[in-house]
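Student: Residue numbers (the numbering used here), protein chains in the order written: chain A, 1412 to 1889; chain B, 1412 to 1889.
Wrong hints could be hidden among the right ones.
[Stated by the list, open to error] Examples of chain B residues toward chain A, derived with CB under 7 Å:
(1) Leu1453
(2) Pro1455
(3) Ile1467
(4) Ala1470
(5) Phe1472
(6) Gly1476
(7) Ala1481
(8) Val1498
(9) Ala1506
(10) Gly1511
(11) Leu1544
(12) Leu1547
(13) Trp1557
(14) Thr1560
(15) Val1772
Note that these hints are calculated values from the structure, not bench results.
All figures in this text were calculated on a predicted structure; none of them were measured in a lab.
Every residue, glycine too, gets a C-beta built ideally from N, C-alpha and C.
2 protein chains.
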Amino acid sequence: MAKEKKVEQITDMETDFAQWYTDICRKAELVEYASVKGFTILRPYGYAIWENMQQIMDAEFKKTGHVNVAMPVLIPESLLKKEGELVNGFAPEVAWVTMGGSEELEERLAFRPTSETMFCDHWSQVLHSYRELPMLYNQWCSVIRWEKTTRPFLRSREFWWQEGHTIHETAEEAKAETEQQLNCYADFFENVLAIPVVRGRKTEKEKFAGAEATYTVECLMKDHKALQGATSHYFGDKFSRAYDVTFTGRDNKLQYPFQTSWGSTTRMIGAVIMAHGDNNGLVLPPKIAPVQVIIVPVAAHKPGVAEKAEELLQKVTSLGIRAKADFSDNSLGWKCAQYEMKGVPLRLELGPRDIENNSCVAVRRDNGEKTTVSLDELDTCIPELLEKVQKGLYDAARINLEQHIFPAQSIEEAKQLQEEHGGFIKTMWCGEEQCELEMKEKAGMSSRCIPFAQEHLGDVCACCGKPAKTMIYWGVAY
Amino acid sequence: MAKEKKVEQITDMETDFAQWYTDICRKAELVEYASVKGFTILRPYGYAIWENMQQIMDAEFKKTGHVNVAMPVLIPESLLKKEGELVNGFAPEVAWVTMGGSEELEERLAFRPTSETMFCDHWSQVLHSYRELPMLYNQWCSVIRWEKTTRPFLRSREFWWQEGHTIHETAEEAKAETEQQLNCYADFFENVLAIPVVRGRKTEKEKFAGAEATYTVECLMKDHKALQGATSHYFGDKFSRAYDVTFTGRDNKLQYPFQTSWGSTTRMIGAVIMAHGDNNGLVLPPKIAPVQVIIVPVAAHKPGVAEKAEELLQKVTSLGIRAKADFSDNSLGWKCAQYEMKGVPLRLELGPRDIENNSCVAVRRDNGEKTTVSLDELDTCIPELLEKVQKGLYDAARINLEQHIFPAQSIEEAKQLQEEHGGFIKTMWCGEEQCELEMKEKAGMSSRCIPFAQEHLGDVCACCGKPAKTMIYWGVAY
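Pulled out of the complex, with its shape left as it was, chain A reads as follows (with noise of 0.2 Å):
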């Protein structure tokens, strides 16, 4: 027999949630570090997982009419400052390209933080009249922003991302198409990642550098930290007048367009990690599993066992459903705890005995729960029970999150509920921003969100005892 590859242990989440989730990261064999220092690589296994991601929600941008473009990576320092805000928000974490072969540039070119300005630069060359709009771009591809501390996917100075970018005739049509891309990520969080999402507009203070308004969905890891999932911005026509982007409207007069951004990265794997992993590893929801079920045989030296393995793999594959075996010689153990590792949510197991009752044994990753199944029926019962695992991880999500929703009335009740039970702490909030450097400084917790949900918890700001403007959400977040 040959040599068996040991299935490493990760540190129990209870003992170290940083140290389990890293061990995830590298065991799964989702990523690995680089030579250059806060960089990574997405390894097969993770990169497919992002795959997965990107189809679904391409086919999802494509439906309400966005196109895929490809714009430089690199921005004139120039171009880069013509709104001012946005470079502040952006400089101290901007990588900078000063030469090209061996000459000095004559001005430094930054390698992009976000594209909000060569969009505006492109729109301003190619628009000219209203009949053109809306332009609906998207692009995938990766950005730098120059942190100083880094972890695999929730922080990196690299990482992979789409940013959409469209200007429209009037206000109320970009807020419209804020609200239906934060919208269209919160559903796509809640039925493809199975995780659910409190949706609502982030704070003057925390909104994103240049915006107008900033729209968030934020989910909530099984330490009960808060994890910003997805932004949508609206900017007005902010950078069309700083970047000149104008077009003839009906009125057959000058006007400038009104814009939004939204995007979501990579950090959606890690936020799959932390909403569903477990002690054995990774769990994942079968919509973006590469492998969605596992066929291990049992006994498979023994005859007629590795071809009706064979046979199996063949009929899981013409369901549509993405299948594997694994003929190797590893031993029985070694295969179960290598494929719970990777988060397969199905494995099937088959052996001798099950191949006389015709049958073979199902079992979930999400609960570990066994089925026996008929092997005349796996073409209900294995995309139903792919559903189960789906759904029951879904589930699962839910309850963390509304069991860790509490209402405050004051900091210190606040710090206190933070302390015991973690989760999001929601309060009545005075709006203003000295009141969340409070919060900040004395229960260590930021704003999360304005929920559009709202809730009556009390007239008055839990901060400051001011009158009250809306209920606020506050966690500690990733």
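Assemble chain B onto chain A, guided by the hints.
Tutor: Quick look at chain B alone, frame taken from chain A:
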């Protein structure tokens, strides 16, 4: 009636081929210049062509077991320099990042010109045993090469590509991979892009920096200049040794794997323009056309026309064909010119008289041929017509190639043939670089490849008169 947008004229290809090419790039809205010198923007229509190319190629790569990954875009100078030939080949064209935020970096970082070094560095960390071989990786990304003169798609400081990188247990396997991937490119050019190719090996002078052997598919444009389509490289174990990539072999000893890489770029869009375009604009092979069928209603204001055109659109779309209908109030003439400019393979015209006859008129973009198609036979006729366009384009390009390959016995004859006819000049060759330099100097041609399909044209080298080793193709190349 709304103000009609002018369909802009393009330069005739006979008058000025280079200007004709640039006109198509701009006026078919494939590409636009960016603010950064030498950089381009892939506009929605150009990017949609690239997406179609990507989808088809990616599926082919995956069929033979390749998986996608994402490597960091920045490479430390010290890492880039470990293999001398590679860095010497690319150093003059590298863009350097020297600052991160406000800090000067200790070591400057290269924007990847190609990623052999990153893949090797990664493999040196993750490869252990022969059981993990082969590793068949690919990535879709952009690279930068700081070119002095640039042209859309053909030579641009940033371009988009796929780069395949693989390592194998034996030299034979790596060589077979190099060949397999070259054939994959050749099939893609011929069956998808409708461009016939000459397959062969590059000379020592023209091969990829650091490669042991470079294979190429070479094609011929309408101006009878040559274009290198895509290349596939065999590295032996040279990089493995330089980057210390090792594995435990079947004999339990440490060994170096054998390596390949292979790449194709957005320059393929340039090849399509110059292989198929005409004086009315772009001509796209149906397999990569973002819009395969455009439906143009005639006298759309007359009762029933718009409804019938919409019905036609539904029917054609339901056949899995990418179709659009233009219900705008632009004139018929404008619409026809517009979709010719954009290279849409098939136009369906539908007016009141057609509706009476239960038919529409199909106009092929490649040769202008008109066919009356019964509305009851769309499901057979439309796919057939698209196949005819695909085949028609290939046949025309094949004839162009076949009629422009000329044998020559001397540099003088080669020069004269090139000046009179263009195309590929084939001669016998001794194998010495000196003769390549002489051919370049005296006849303005570089060696394109040593074709796999060899012919015996004589016994001596056309340049020096010494005994010939092989037959070789020369050309004036993009």
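Student: Each of the hints needs a verdict: does it hold here or not?
Tutor: Hint check results:
no.	hint	result
1	Leu1453	holds (4 Å)
2	Pro1455	holds (4 Å)
3	Ile1467	violated (15 Å)
4	Ala1470	violated (12 Å)
5	Phe1472	violated (12 Å)
6	Gly1476	violated (11 Å)
7	Ala1481	holds (4 Å)
8	Val1498	violated (13 Å)
9	Ala1506	holds (5 Å)
10	Gly1511	holds (4 Å)
11	Leu1544	violated (14 Å)
12	Leu1547	violated (9 Å)
13	Trp1557	holds (4 Å)
14	Thr1560	violated (13 Å)
15	Val1772	violated (28 Å)
Hint check: violations occur at hints 3, 4, 5, 6, 8, 11, 12, 14, 15; the rest are consistent with the structure.
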